[in-house]
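As given, the protein sequences belong to chains A and B, one line each in that order. The first sequence: position 96 = 97 (the numbering used here), numbered continuously. The second sequence: position 268 = 269 (the numbering used here), numbered continuously.
Hints may be right or wrong, so weigh each one.
Claimed, not checked - Derived contacts from chain B toward chain A, CB cut-off under 7 angstroms, selection only: (1) Gln178; (2) Asn183; (3) Asp188; (4) Ser239; (5) Ala284; (6) Lys432; (7) Ala442.
Worth flagging that the hints you see were computed from the coordinates, not collected in a lab. For glycine and all other residues, C-beta sits at the position ideal for the given N, C-alpha and C.
Next come the chains, spelled out residue by residue.
There are 2 protein chains.
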Amino acid sequence: MTDLIEQLAAIVGAQQVLTGADVARWSTDWTGKYKGEPLVVVRPGSREEVAAVLRVASARNLPVVPVSGNTGTVGGAMGKGAIVLTLERMNRIREIRAGARVAVVEAGVVIDALNAAAEEHGLMFPLSFGASGSAMIGGVLSTNAGGANVVRYGNTRDLCLGIEVVLADGRIMDLMQALHKNNSGFDLRHLMIGAEGQLGIITAAVVKLYPCPVDHVTAMVAMPSLDRAPDLLNAIQSASAGAVVAFEFMPRAFIEGHFAVRPDAREPFDAPHPVNLLIELAATKTGVLGEALEEVLAGWLEAGDVTDAVIARNETQRREMWARREAAAEIAYRRRPVVDTDIAVPLDRVSHYLREIEPRLRAIDPDCEVLSVAHLGDGNIHYTCYPSREQEELVAALRTEIDDLALEMNGTFSAEHGVGLSKLAPMARYKDPVALDVMRAIKAALDPKGILNPGKTLPGSETEAAGQAPLTSRLREVL
Amino acid sequence: MTDLIEQLAAIVGAQQVLTGADVARWSTDWTGKYKGEPLVVVRPGSREEVAAVLRVASARNLPVVPVSGNTGTVGGAMGKGAIVLTLERMNRIREIRAGARVAVVEAGVVIDALNAAAEEHGLMFPLSFGASGSAMIGGVLSTNAGGANVVRYGNTRDLCLGIEVVLADGRIMDLMQALHKNNSGFDLRHLMIGAEGQLGIITAAVVKLYPCPVDHVTAMVAMPSLDRAPDLLNAIQSASAGAVVAFEFMPRAFIEGHFAVRPDAREPFDAPHPVNLLIELAATKTGVLGEALEEVLAGWLEAGDVTDAVIARNETQRREMWARREAAAEIAYRRRPVVDTDIAVPLDRVSHYLREIEPRLRAIDPDCEVLSVAHLGDGNIHYTCYPSREQEELVAALRTEIDDLALEMNGTFSAEHGVGLSKLAPMARYKDPVALDVMRAIKAALDPKGILNPGKTLPGSETEAAGQAPLTSRLREVL
Chain A
2 MTDLIEQLAA IVGAQQVLTG ADVARWSTDW TGKYKGEPLV VVRPGSREEV AAVLRVASAR
62 NLPVVPVSGN TGTVGGAMGK GAIVLTLERM NRIREIRAGA RVAVVEAGVV IDALNAAAEE
122 HGLMFPLSFG ASGSAMIGGV LSTNAGGANV VRYGNTRDLC LGIEVVLADG RIMDLMQALH
182 KNNSGFDLRH LMIGAEGQLG IITAAVVKLY PCPVDHVTAM VAMPSLDRAP DLLNAIQSAS
242 AGAVVAFEFM PRAFIEGHFA VRPDAREPFD APHPVNLLIE LAATKTGVLG EALEEVLAGW
302 LEAGDVTDAV IARNETQRRE MWARREAAAE IAYRRRPVVD TDIAVPLDRV SHYLREIEPR
362 LRAIDPDCEV LSVAHLGDGN IHYTCYPSRE QEELVAALRT EIDDLALEMN GTFSAEHGVG
422 LSKLAPMARY KDPVALDVMR AIKAALDPKG ILNPGKTLPG SETEAAGQAP LTSRLREVL
Chain B
2 MTDLIEQLAA IVGAQQVLTG ADVARWSTDW TGKYKGEPLV VVRPGSREEV AAVLRVASAR
62 NLPVVPVSGN TGTVGGAMGK GAIVLTLERM NRIREIRAGA RVAVVEAGVV IDALNAAAEE
122 HGLMFPLSFG ASGSAMIGGV LSTNAGGANV VRYGNTRDLC LGIEVVLADG RIMDLMQALH
182 KNNSGFDLRH LMIGAEGQLG IITAAVVKLY PCPVDHVTAM VAMPSLDRAP DLLNAIQSAS
242 AGAVVAFEFM PRAFIEGHFA VRPDAREPFD APHPVNLLIE LAATKTGVLG EALEEVLAGW
302 LEAGDVTDAV IARNETQRRE MWARREAAAE IAYRRRPVVD TDIAVPLDRV SHYLREIEPR
362 LRAIDPDCEV LSVAHLGDGN IHYTCYPSRE QEELVAALRT EIDDLALEMN GTFSAEHGVG
422 LSKLAPMARY KDPVALDVMR AIKAALDPKG ILNPGKTLPG SETEAAGQAP LTSRLREVL
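The task is simple: from the sequences and hints, build the whole structure.
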């Protein structure tokens, strides 16, 4: 162990190698669900240092867990007996090129910091989610983070033009390009993005920037049912030339859950409604959005497909609408036991899914309660179920039912949070077995010793990775 | 050989196995530059038949070259001594789901046919390029085709949500999903798209559809120099809320080249200009585009950064503008010898590139002539050079100079047409060597016998692919 620490200190400097009590920050995540026990935490300051650390790890056959902001929800950055490699010191914004609308950033740049720098040029990096004040580029790329604005700007992978990756054996792969077309062999950028650190460690990226909108229109819209919500989205998109940046669904139970955590909150409408949509449009030109939205809503109100609608008149009213939506995690986790999920189904099947799932869950646990909130524009539902009693088998059965129905509708059990440690069982259960085999073959080809973030993402990988000794014997080598 | 044909006929039916004179259609491509000599052409009608053909090829260690529309420009679909597997019979549009804005299509569906079907729902598949009347889904996905509308809708990979792939050993990988978020392991869809048939054969896909625009504004714009063209693009995007669907550059030499092939054509402006841009905006709402474009152009005209501008008043004028741009291939290939390229540089470096490259080419061949046309919104330049004499070394030196400078500016030698047979040398010269190694490792992991489209895409793959016998010895086994 002393030997290892000396070797790492020679690479990054002694003060960048942490052990003992100093590693507490990396021993847990904010969900409190996952625990890590880092063997050592190392904080490299350059890609060359990352590469040198990986060469040491590879030679010693030691697991390496990369981490940046540690804001994930699936335990992907927890490392037991591993070298935890944090990218937080690599936080330089190397370049912002306003004409080309790109930024060149290191993996440790915080999303809000990138936005602050881009804003000076009238630009933004449009990834929008709760943890943007601490999440970093490396993490959002490795997990292909989603969020509320995917309907307009896509997932993180769609916002990235180039990356730099250090491979398991310490080789550096340079794919740092600011190109919109580049058909020169397999797309290794997309392979690395969302790979949860299994195939390499992303150390820098070229990301796209977009002009800051100068106009927003935000509205709460009530519908008698969710059936026609996709058509409403399409109608607003057509009328506004694709200006929708958020299209979020909250059922009545969500509104009531909100009152439970915010007793002073206001009702979104005069009367309660089963379907409450938060819709936001944004444009780089003023004065066109409000009219487009009002025109569509007027027609739908008249036809009875929309039952009420409120457009925010000022920033205070807009913030009130968003505060309700943003309380989702607090609302969902206010009770225990809880089954929280991250499913997606095709856009035109969300309504059908929500109608079907509740009776199926009640067939398993007649007294369970349910709650949902959805990025409806992406078909992504965070469906939550509260079992009537704390019992492991019951919790598992309810979770499986929620995932099963998503898969029956050709959806996914893992929409935007990723797999990490939390979804290994559904990966084994639902993922196309040929696709799993192909993933394992690629993992074995690029990380033959299985040292990169082992035991996550790929079910069975903790034992099957070629050439990887069990953790205890590896630790024995070191200690 | 008889044995092979019987085996294939047992899978697809005797009339779907072609040999001798019947394979002529697959022995050449439309460029005339590449020749194939198919051992046999087989026309499967289902993914199960594709899988069975691949099992036969794998067992016999025989190369398989997939082909759909055969409209590529890089020789990617030419097969010498190979089983040429054409997907043209798999041409069913399985489903169009207007609410979810997706189509489920087989690999042999022609792009124009998909658009015709989508149009009945007011939708379109927005891939736009010259060969759309014969190019098929399988081919555009395998090559990640680009075209004129990439600035708005992205490359083919951005238009695809799900795929179905038959692997080298005949296993079927089902990634057919209509999801906008699906973080469940490595992104094998993006790995297969653009892989030129090296890793598997795409047999079906779920593709995105977009609402048909109801309004177009098309203009020719003259500038004194290209330096501020990216800023003009950004200004128009901001003023129109991102409505630009095409932003094409033609220098004066292109306009003159056009007169050479169309003596009856008209000048785009009253006076000749060094920089001629074809700009098109499209929207799903009428009456907003013209004003936005005119407002920006008025300001730029006043400032002198735009020297002239003509907005098409009707469809005839619009067609005239596009006809000029669409004559590019005819204009470029009207003279021999010709060095044609497909480079891209970052958006803010196109002007610098074009200023630098001409003197560098003249330093090699003082009497060469040059011509360029660019998808400027993507940084993609089709740069053409006419050497003063037909001499292999000179042609190669000029080509290398064009590619070298693109790479010096952190660009690519292969923007949208792909690698195939035509760009193996620049792949070896320019591609990051670690990236090449990773590609080879993935190829060896997924196609260990190297039977899928051998000798293309990856330089050295014709000899290095693990376990692959030289072609002659393979043929000996069969014949």
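Results of checking the hints against the structure:
1. Gln178: With Cβ-Cβ at 6 angstroms, under 7 angstroms, it holds.
2. Asn183: holds, 4 angstroms
3. Asp188: Hint on aspartate 188 (chain B): holds, closest Cβ of chain A at ~5 angstroms, below 7 angstroms.
4. Ser239: Hint on serine 239 (chain B): holds, closest Cβ of chain A at ~4 angstroms, below 7 angstroms.
5. Ala284: holds, 5 angstroms
6. Lys432: At about 6 angstroms, which falls below the 7 angstroms cut-off, the nearest Cβ of chain A leaves the hint on lysine 432 (chain B) intact, so it holds.
7. Ala442: At about 4 angstroms, which falls below the 7 angstroms cut-off, the nearest Cβ of chain A leaves the hint on alanine 442 (chain B) intact, so it holds.
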